[in-house]
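**Student:** What follows is each chain in one-letter form.
There are 4 protein chains.
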Amino acid sequence: MSTHNPVFIPGPTNIPEEIRKACDIPTLDHRSPAFARLFKPAVAGIRRVLAMDQGEIIILPSTGTGGWEAAITNTLSSGDKVLAPRFGMFSHRWIDLCQRHGLDVQIIETPWGQGAPLAEIEAALRADSAHEIKAVLATHNETATGVRSDIAGIRRALDAAGHPALLLVDGVSSIGSMPFDMAGWGVDIAVAGSQKGFMLPAGLAILGVSPKALNAMEKATLPRTFFDFRDMLAAYAAGGYPYTPAVGLIAGLAKAIEMLEDEGLENVYARHHRLAEATRRAVAAWGMRPCAATPELYSDTVTAVVVPEGCNGTDLVQLAASKYGVAFGVGLGEVAGKVFRIGHLGMLSDVMLLSGLATAEMCMADLGWDVQLGSGVAAAQEYLRNSAGVALARAA
Amino acid sequence: MSTHNPVFIPGPTNIPEEIRKACDIPTLDHRSPAFARLFKPAVAGIRRVLAMDQGEIIILPSTGTGGWEAAITNTLSSGDKVLAPRFGMFSHRWIDLCQRHGLDVQIIETPWGQGAPLAEIEAALRADSAHEIKAVLATHNETATGVRSDIAGIRRALDAAGHPALLLVDGVSSIGSMPFDMAGWGVDIAVAGSQKGFMLPAGLAILGVSPKALNAMEKATLPRTFFDFRDMLAAYAAGGYPYTPAVGLIAGLAKAIEMLEDEGLENVYARHHRLAEATRRAVAAWGMRPCAATPELYSDTVTAVVVPEGCNGTDLVQLAASKYGVAFGVGLGEVAGKVFRIGHLGMLSDVMLLSGLATAEMCMADLGWDVQLGSGVAAAQEYLRNSAGVALARAA
Amino acid sequence: MSTHNPVFIPGPTNIPEEIRKACDIPTLDHRSPAFARLFKPAVAGIRRVLAMDQGEIIILPSTGTGGWEAAITNTLSSGDKVLAPRFGMFSHRWIDLCQRHGLDVQIIETPWGQGAPLAEIEAALRADSAHEIKAVLATHNETATGVRSDIAGIRRALDAAGHPALLLVDGVSSIGSMPFDMAGWGVDIAVAGSQKGFMLPAGLAILGVSPKALNAMEKATLPRTFFDFRDMLAAYAAGGYPYTPAVGLIAGLAKAIEMLEDEGLENVYARHHRLAEATRRAVAAWGMRPCAATPELYSDTVTAVVVPEGCNGTDLVQLAASKYGVAFGVGLGEVAGKVFRIGHLGMLSDVMLLSGLATAEMCMADLGWDVQLGSGVAAAQEYLRNSAGVALARAA
Amino acid sequence: MSTHNPVFIPGPTNIPEEIRKACDIPTLDHRSPAFARLFKPAVAGIRRVLAMDQGEIIILPSTGTGGWEAAITNTLSSGDKVLAPRFGMFSHRWIDLCQRHGLDVQIIETPWGQGAPLAEIEAALRADSAHEIKAVLATHNETATGVRSDIAGIRRALDAAGHPALLLVDGVSSIGSMPFDMAGWGVDIAVAGSQKGFMLPAGLAILGVSPKALNAMEKATLPRTFFDFRDMLAAYAAGGYPYTPAVGLIAGLAKAIEMLEDEGLENVYARHHRLAEATRRAVAAWGMRPCAATPELYSDTVTAVVVPEGCNGTDLVQLAASKYGVAFGVGLGEVAGKVFRIGHLGMLSDVMLLSGLATAEMCMADLGWDVQLGSGVAAAQEYLRNSAGVALARAA
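Chains A, R, P and F are the protein sequences, given in the same order.
Per the UniProt record's numbering, the very first residue in the first sequence carries number 1; after that it's consecutive.
Per the UniProt record's numbering, the very first residue in the second sequence carries number 1; after that it's consecutive.
Per the UniProt record's numbering, the very first residue in the third sequence carries number 1; after that it's consecutive.
Per the UniProt record's numbering, the very first residue in the fourth sequence carries number 1; after that it's consecutive.
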């Protein structure tokens, strides 16, 4: 029997019925006004989700990795210096990408489980009196460890140092699920993807670009064509696209924004927090802890659960898939085996989350881990039922 | 946010992705060979699911109620006597239908929570030495109380009494989910619907008709046209349908049978039993009991849970819907308020079931019932994880 | 290769994308308020499409044939006399249904290709001074011959004769596509189906019922349960349904009405007229004629094309299906072989229609009929391009 | 009313029902074996469609433009010389892309309407005795002019000149619709997209890469990460993907290949040729001619129709969209206004094509062009009905 179990990977997330239908459309001429009728509300909506005031939105038929590449190739030139803390697999990969494109990355090595180290960033910026650092890279939500970094704090560090570097932020696994304030935080480029908080299939890189970044674009010499913001902006101005867009995903994006705003962005964030907190209550009841070192670092979209000594998180993930048909995330890189990850973002209800927690518990028991069946579920139930006010589940 | 919570009503059941896609097709000429290519495998598959040897399959664009009406109008005449035990809302409704069509129903009143009373049936048949009783009506699975009756036992009663009455069986909420043996049990008409074990939307009444019932059809004078088996059989013979069929549902039915047979009917029945047993373990852990009086009566498709004195099952159902977006079944008729019903049939996985049990528990706590959060879930988890061999969940 | 050729059968019609999506929904508890939110607008919309003022709407999980049966079993009693003209296969079938339910049908035999004969109807009514005739049956649009009858004229005949008989109208292939005025014409029951003008899959019989018919319902003794209006009305009043409804189709019906009203019913009727007229221009260019005897009888939903002496319309239908993958309708009954039928109702654009006309022409040439390729297409093109004002095709 | 008119743009093409359903799937963990079960047959099928023997397939969540970029960044280094004829908008854009990535493009300017000039290519290669030219770029099917170039001829030119340059081919609008022989023609990289012959939505760039190109990859220094073949190949080898893949499109690609192979690639090519020839017959009947200069250049996927002096092709395209809801392609660049384009690739039947031709005729008449209604349709009908043997339309 095919099952309809939810997925608990930290993206791609469960796709709502309405979004599946919005994406699944007959062919539509992307040079026609009908396309513009889909595209414009999607762009306008993204501005609101990012809390942008000025600047431009770029939507590329690509993924988050493409978004990272677009962010740097459109603003930097070969040999430019960028400052980047590394504290997980995704911050690592963006750094690697920069290096492969010929940038000089000043890496601040940070323990996994920590977030972007504000003091060290500020110190590095202050030390760069020649302003050789052209950009600071920050991973808002490190998906590998379930750590949220303080982007506003990085902005304060930049301002305190009086440093003009661009602030480029990977918000792939945060935007649309956790508060993001592009204008307030002075973010120059925010990178999002379709397949996380926007609840779409993978296939779109979505970028908010500040006027300052647009200005940098004019001088940046890293080669790019597919990702070139200039072609995009010229085509948008003419109501079109420089090449064939992913029409269905753009239609779905417009729908996703409508759904997020119907729920209310504040309610969406509150729901994510509540489900994350329920997950953490379950983790505590299991006698385990999140990989994120301290509560202010806890991600509201993914929890990397540190498994007990002698246990292997990857075993749990494999057993959940093979025995129960449920997908969790494995530990990556430094924390491979040491954690398993529960994604709790996108379309998720109390009831769906409880099924994931119950599955994790069964796997633990199956693997002989020392856990009491029902314990995590009960802790989550208790929290969920007493905090339901903000986000009552509504029948479809 | 729209949620994708499973439903736990005892039908319509959760529709698998594959079946939704099979049903959702462009218009197809129902007088073309393309229709016959859909229809014939559906008919052939139904024969296997019913374990028929001889006789005919009738598929009507209707529902279970229409199936009941078709069963009697095609085999009986005004004033005919039928014997029928009444022990729940659905056995009651079929009796009511018979009376409205001018049949003389000899009702064996039976406590709700009991099944068809074999001894009383046999006694009534033996008493009917003139063979005025033309048919015995039996509800295989009484959806209101979660009681499975012993159809083989009724056949034995008929045979023991040497009585020639037809045996007409409502299998709407059993067929495709619990073992059914039309040939072995000597059933003359079996009535099924699309929206239960076949995992389709409502809209088809599906009937297996024995040669003996086909013979009765020739003499039956209750008026019917839409439901007339003769028109159906004549049209089928010509590769067609006497009026416009529900083409999409028939395409879906063919797919449903393919899915049931890919899983293996025995595995399907074992899965239903296992999920039902897990539910009953949870019920016991809550300190409650099924409405079905004894274990041999327990239904594998629906459990009517008797709620504690002073509690109201309907409150739980309403709260589950309004607060958690989950649908359970209310108590009907005599047991209104006294039970709530958990449907566990059709497409359902361990993981989906656990989410329903967890929801019921939260509602109980919310309503101030004396139940420990996680207790039912833990009992079900323990059972499920140790019995997973027969029905390993498979990722879609 | 699978093709996406439109169908040109006179129902089921091509299903719009939006309606397919509206129908294809996850399982929803039909006892929940969510169902009522779908059902009520559908009912309210049907009232507007039928131009009803008083009375009730009944929506049955059935087909047009079931609608016919419901219309008579809810208003008449065994032995009642009804008056009915017969001038095609569908008027014939309703008469046959009446006879099988024990009604005494006074048939006015009328040549196929003609419509309901007003003078003869009036004469029969006047002759019935005892008012034994309880109902007049009329087929608004005879799908077999492409003939529209004058229902207002039948009302005038009833009024002129001062006859109290009910007026029961089969509008299955007219309602939603051609003007219908239930209140103005004094129709007592109007029968529609989901699969014609409402552009849905088959599976719903839709009836408008006047207060006079509701009054007759109280006294009617023909047996019925599945089709019983009383159960339906009692359940509707409680926000529900007496048995499991076809939830998806009802959701689709609500969408269909939204689409019809977005286009504007007058525009919908004008579009049907325009496409029908284009078809008739093509027919004339081929040197053929409609089966309908005179222009005022021409149906705007289906044209039965009389084929030349020595030709067989069924050959064309079979060749179109086997060689070009296009479905037309065969001639039925008296006109079998003598006509082929082009359905031009429901979702149909200029462009789709032209593809059907072009296909018919190719088949004619393939069969050696004396027709000039492109001739019918050109006549239709000329008409369509000069009459596009009312119904500009709009890109999806 | 929404219409279901086919599109006649030269891509994205009409999407078959089966492929839409294959793409539209619930979220599936792309790190699970379930993903590999989708991905591997897609890759294997692409090898067959390209007629590859050795080498690798790369599938990127991108578009044809991304495929062009991937082809050069993975095989070339800054300052490398490439040879490229320019004879249309798409050959122009690839050249532009090369220049923006720092390549030194030796352009052979060729009149639009001509194909790749073999003699000039050979001469340029012979003149390059130092083998500074690292690659020859060729647009197999120039979508702007409807011209097919002779890729085998370019291979002969390379061989005749004894030149080791790579042969990089844009097959975006040919592969899957017209014969392609990667091994036989010695193509080093073939670039395809999902939205043309593969009948999918846009969103995948599909590349076949020869061993020689893989060898070049090791030394190429153009920066790339998102498009880096090395990351892809390493991830594939581990059964995965270096970042989130477009799972739905890959599932659809597997289905597309199944459909192409069920029809038979030779039959697919024959069908495209036949529909293209029917289009050209219509064009001739209108008194017009294809933009492609000579018959051996005629594309079987798109015809750019040269409009009469004083007429503007863009007017026709706009009128077809606004009045009839049908999409054709406008002329681009040098031929803007001078042509309109009829795409006849992907899922297309005789009947669908005829509707497009009929629409174009109506627009011509509406615009006052000197054309006889029905003339092009008749020419196409005559050809289609007499050549139906190879590709009988099959009902869905």
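Source of the hints: derived by calculation from the structure; they are not laboratory data.
Each hint should be verified, as a subset may be incorrect.
Quick list of simulated restraints, FRET-style, between CB atoms [as the list claims (entries may be wrong)]:
id : chain 1 : residue 1 : chain 2 : residue 2 : range
1  : P       : D262      : R       : N386      : 43 to 49 Å
2  : A       : E334      : F       : S77       : 33 to 39 Å
3  : P       : G337      : R       : A130      : 51 to 57 Å
With a straight-line Cα cutoff of 27 Å, these simulated DSSO-like cross-link-like pairs (lysine-lysine) come out [unchecked claim]:
id : chain 1 : residue 1 : chain 2 : residue 2
4  : A       : K40       : F       : K212
5  : A       : K21       : P       : K21
6  : P       : K338      : P       : K323
7  : P       : K21       : R       : K81
A virtual CB, placed ideally from N, CA and C, is assigned to each residue, including glycine.
**Student:** Run the distance test for A:K40 versus F:K212: straight-line Cα separation, threshold 27 Å.
**Tutor:** 44 Å, violated
**Student:** Keeping to a limit of 27 Å between CA atoms, is the pair of P:K21 and R:K81 held or broken?
**Tutor:** 47 Å, violated
**Student:** Decide if the proposed pair is consistent with the structure: P:K338 and P:K323, CA atoms, cutoff 27 Å inclusive.
**Tutor:** 21 Å, holds
**Student:** So does P:D262 sit 43 to 49 Å from R:N386, Cβ to Cβ?
**Tutor:** Violated - the Cβ-Cβ distance for P:D262 and R:N386, about 57 Å, lies outside 43 to 49 Å.
**Student:** Using the C-beta atoms of A:E334 and F:S77, is the stated range 33 to 39 Å upheld?
**Tutor:** 34 Å, holds
**Student:** Could you tell me whether the CB distance from P:G337 to R:A130 stays inside 51 to 57 Å?
**Tutor:** 54 Å, holds
**Student:** Holds or violated: A:K21 with P:K21, Cα cutoff 27 Å?
**Tutor:** It holds: about 7 Å lies between the C-alpha atoms, which stays within 27 Å.
The structure fails hints 1, 4 and 7 (numbered hints given earlier, in ascending order).
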